[in-house]
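Q: Sequence:
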Amino acid sequence: MKYCAIALCICLFRVAVTSEAEVLEALKAEKIPLEAQVLTGEALVKYLRENQKFFKVGATSKAKETMYKVMNPKFRNQNRRPPVENEKDNGDDIPESSSH
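If you count by mature numbering (1 follows the signal peptide of the UniProt record, and there is no 0), then the sequence shown holds residues -21 to -1, 1 to 79, one letter each, in order.
Derived from the structure by calculation, the hints contain no laboratory data.
Heads up, the beta-carbon is just placed ideally off N, CA and C, and yes, glycines get one too.
Check before you lean on any hint, since a few could be wrong.
[Stated by the list, open to error] Pair ranges (Cβ atoms, derived):
id	residue 1	residue 2	range
1	LYS41	LYS(-20)	48 to 56 Å
2	GLU29	ILE(-12)	35 to 43 Å
3	VAL36	VAL2	16 to 24 Å
4	LEU13	PHE54	24 to 32 Å
Assemble the whole structure, with the sequences as input and the hints as a guide.
A: Here it is in structure tokens:
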């Protein structure tokens, strides 16, 4: 009887692993439409609610707060200082590579 229980456990484990592998392969093979790849905001939330089952989707107040803290992309390169190069550095402190 003990051996039957062990055999049953092994069989169930193999089925579970096989099923998981099949599910993962199916998910990898699933193509996301281009229209869905470019969605943002409420449209993205609506699409995810309708097309995925892994987690609950919803906008939070924290997400809205974070949006106000993110810098507008048009200001990213504004007032950017150029890198300072040391004019006195002639590179003599870099050791030669020894090829053996």
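Q: None of the hints should be skipped; say for each whether it holds.
A: Taking the hints in turn, this is what the structure says about them:
1. Take LYS41 and LYS(-20): their Cβ atoms lie about 53 Å apart, and the range 48 to 56 Å holds.
2. In this structure, GLU29 and ILE(-12) meet the distance hint of 35 to 43 Å, their C-beta atoms being roughly 39 Å apart.
3. For VAL36 and VAL2, the hinted distance range of 16 to 24 Å is satisfied, since their beta carbons lie about 20 Å from each other.
4. Hint check: LEU13 to PHE54, Cβ distance near 30 Å, so the stated range 24 to 32 Å holds.
Consistency note: the structure conflicts with none of the earlier hints.
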